[in-house]
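Asker: The lines below spell out each chain.
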Amino acid sequence: MRGLRKQIVTILLLLFSLLLAVAFLAPTVLTIVNSFMTEEEITANYGVIFGTGQTTTDAQGNTRPVTTYMAERVNLKLIPDMVSFSQYAQVLLRSPEYLLKLWNSIILTVPIVVFQVLIAAFASYSLARFKGKIKSVIFFSYVVLMLMPYQVTLVPNYLVSDWLDILDTRWAIILPAIFSPFSVFLLTRYMRRIPSSYIEAAKLDGAGEWKIFTRVALPLCRGALYSVTILVFIDYWNMVEQPLILLSDVEMHPLSVFLSEINSGEVGVAFAVAVIYMIPPILLFLYGEEYLEDGITYSGGIKG
Amino acid sequence: MARPKLRRKPRHHEKRNWRERLVSVCYLAPSVLGVLVFFVLPFLVVIVYAFTSDATNLDFVGLKNFEAVLSNAAFKEAAKNTATFSLMAVPLAVGLSLLLAILMDAKIPGKSQFRTIFLSPMMVPVASIVLLWQVLFHYNGVVNEITALFGITKIDWMKSDYNQLVVLILFLWKNLGYNMILFLAALSNVPKDVLEMATLEGAGAVRQFFYIKLRFISPSVLFVTILSLINSFKIFREVYLLTGNYPYGGLYLLQHYMNNMFRNLDYQRLSSAALLMAIVMAVVIGLLFLVEYRYGKDVEE
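These protein sequence lines are chains A and B, in that order.
Read in order, the letters of the first sequence correspond to residues 1 to 304 in this note's numbering.
Read in order, the letters of the second sequence correspond to residues 1 to 301 in this note's numbering.
Derived by calculation from the structure, the hints in this document are not laboratory data.
Every value quoted in this text rests on a predicted model; they were computed, and no experiment measured them.
Just so you know, not all the hints are guaranteed correct.
Straight line, CA to CA, 27 Å or less: simulated DSSO-like cross-link-like pairs of lysine-lysine [said to hold, decoys possible]: (1) 80/B x 159/B; (2) 76/B x 192/B; (3) 131/A x 203/A; (4) 80/B x 64/B; (5) 77/A x 159/B; (6) 131/A x 211/A; (7) 6/A x 192/B; (8) 154/B x 77/A; (9) 234/B x 159/B; (10) 107/B x 192/B; (11) 203/A x 133/A; (12) 159/B x 6/A; (13) 64/B x 76/B; (14) 6/A x 107/B; (15) 135/A x 211/A.
Given these sequences and hints, build the entire structure.
Answerer: Next comes the structure, spelled out in structure tokens:
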């Protein structure tokens with residue numbers, strides 16, 4: 001009897017989880033599915049929403065209003081009428097501006113992530129291992145700073161960029177982001193959980209400070225470093241406000257900003273760009289998903 | 001959060017103490033210097049702006065800018081909306097992700113696949129989320145198609161009184177997954193022997209959760225709360241992309257107000273508003289730390 005009841009509970013929980021999973025996955029799947037539709041099909045499906053009476057040019061060079069395809073109502077389809085790579089071809093071959101913007105995203109995001117995590121690794125180790133009044137004050141200020149919405153730091157940000165004469169250059173975005181307190185806060189949390197016995201043992205073995213940091217602390221926090229990298233990457237990969245304010249030159253804008261400005265006539269292309277834009281985070285994610293689950297790995301199996 | 005001590009201070013060893021201090025300062029210096037240059041020092045200028053008349057003359061005007069901001073209808077509306085949204089979004093994000101973590105902690109098959117699926121919204125670019133939300137919540141969108149089946153009249157969701165709700169759904173969809181992962185990690189660290197003892201003494205699952213697990217994971221609750229608070233402000237990105245500079249009613253947030261002040265070059269009012277927000281945030285964080293410290297102090301991590 002008990003076994004049966006347990007089984008029923010398990011099945012109910014499973015069903016509930018499945019339902020949730022569908023809801024969570026649907027938008028992602030829709031993005032991918034839509035990217036494989038032709039522009040005509042997209043228009044036919046979503047014309048009611050995005051169509052504002054544009055025209056298309058067919059093979060004969062005749063211009064026709066899109067409205068001929070437009071359905072009365074929105075049409076959510078999970079399988080394209082015809083799997084087409086035309087949107088991808090459009091993005092990758094015919095419109096160099098998308099690739100340029102993608103490159104902009106990369107050269108903005110990669111230095112930010114690398115240096116932010118590097119500087120944070122040192123800082124958080126120091127905050128976690130050596131205690132004191134000043135350290136507590138620093139830590140608390142970091143938490144408060146970290147919580148400020150971008151709009152609060154907007155004027156400070158703008159002022160510094162102006163003083164340093166880096167306004168309208170990529171440095172105006174990269175430099176402040178490198179020193180963002182966010183990853184320091186995250187990493188300190190994990191660094192604090194390194195058992196002091198590990199450090200004492202390393203000391204007894206004659207390890208110097210540098211060695212303790214690189215051979216004991218960093219490897220133990222490998223998972224935390226990885227999850228911070230993913231979080232920071234995703235955050236800056238999707239930045240919108242900073243470039244709009246600090247980079248007046250649209251040529252330098254990252255794809256995240258450009259993607260949001262694609263006009264409604266190119267919805268199909270927007271989906272394809274979105275899928276391409278998802279690839280780097282997905283790769284990062286697949287490579288280190290298990291690290292996200294436990295920020296800290298104890299090689300020796302000792303619990304902190 | 002500031003509880004677990006890493007090591008005892010080696011008072012006996014003078015030389016080592018000196019070297020450790022040097023190391024600690026050197027490691028921390030780059031970060032602190034950067035934060036000083038890019039955040040703290042310019043923020044001092046912001047404080048000066050907040051108390052002066054205009055950026056060129058810097059005449060001290062006392063609290064006049066604050067009075068102007070606080071009596072401004074747009075600011076009041078924005079502050080109210082932001083507070084309402086965060087007060088709904090943060091507790092829901094914490095509570096629901098904890099429930100999700102408990103669900104995933106139960107013995108059901110395919111757990112790791114579920115976890116991946118719940119995390120997947122993190123990877124969808126903000127701009128395409130916006131596109132999808134338009135497909136869903138547009139006047140001619142999918143949600144209206146569904147509600148129409150039940151005879152409910154169509155509404156333009158983003159221009160209705162429910163628009164905060166639409167954004168709330170987006171927020172939860174995006175953030176529950178990662179919060180859940182953090183809670184799962186914390187739950188797996190609750191000492192098994194304590195739980196076994198409780199079972200032996202006849203404590204049921206619910207009591208075990210509230211009296212044992214919740215106390216052990218209280219640092220994570222604080223952590224997730226802080227993260228959710230940050231993310232509840234970051235939702236401005238989506239709101240901005242969905243609705244532009246002047247959204248309808250409930251979605252006019254403090255960030256909109258500040259953005260618009262910035263574009264109007266009204267640095268004085270912007271600075272006062274920023275300073276007010278900073279003070280409120282400092283108080284909120286202080287309270288959160290205090291509550292966690294009181295609640296979880298008698299258990300070790």
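Asker: Within a Cα-Cα threshold of 27 Å, do residue 76/B and residue 192/B meet the stated pairing?
Answerer: 50 Å, violated
Asker: With a cut-off of 27 Å on the C-alpha distance, tell me whether residue 234/B and residue 159/B pass.
Answerer: 21 Å, holds
Asker: Need the status of pair residue 131/A, residue 211/A: alpha-carbon distance at most 27 Å?
Answerer: Holds, at roughly 20 Å.
Asker: Has the given pair, residue 159/B with residue 6/A, been kept, meaning a C-alpha gap of at most 27 Å?
Answerer: Roughly 47 Å separates the two Cα atoms, so the pair is violated.
Asker: Need the status of pair residue 64/B, residue 76/B: alpha-carbon distance at most 27 Å?
Answerer: Given pair residue 64/B, residue 76/B holds - Cα atoms ~16 Å apart, limit 27 Å.
Asker: Checking one constraint from the list: CA of residue 203/A to CA of residue 133/A, max 27 Å. Satisfied?
Answerer: The given pair, whose Cα atoms are some 25 Å apart, holds under the 27 Å limit.
Asker: Please work out if residue 131/A and residue 203/A have their alpha carbons no farther apart than 27 Å.
Answerer: Holds - the C-alpha atoms of residue 203/A and residue 131/A are around 18 Å apart, at most 27 Å.
Asker: Decide if the proposed pair is consistent with the structure: residue 107/B and residue 192/B, CA atoms, cutoff 27 Å inclusive.
Answerer: Holds - the C-alpha atoms of residue 192/B and residue 107/B are around 16 Å apart, at most 27 Å.
Asker: With a cut-off of 27 Å on the C-alpha distance, tell me whether residue 80/B and residue 159/B pass.
Answerer: Answer holds: residue 80/B to residue 159/B is near 18 Å, not above 27 Å.
Asker: Does residue 211/A lie within 27 Å of residue 135/A when you go C-alpha to C-alpha?
Answerer: Holds: residue 135/A and residue 211/A sit about 23 Å apart, inside 27 Å.
Asker: Holds or violated: are the alpha carbons of residue 80/B and residue 64/B at most 27 Å from each other?
Answerer: Roughly 21 Å between the alpha carbons, so the hint for residue 80/B and residue 64/B holds.
Asker: Given the hint that residue 6/A pairs with residue 107/B, does the C-alpha gap stay at or below 27 Å?
Answerer: 10 Å, holds
Checked against the numbered hints listed earlier, the structure breaks hints 2 and 12; every other hint is satisfied.
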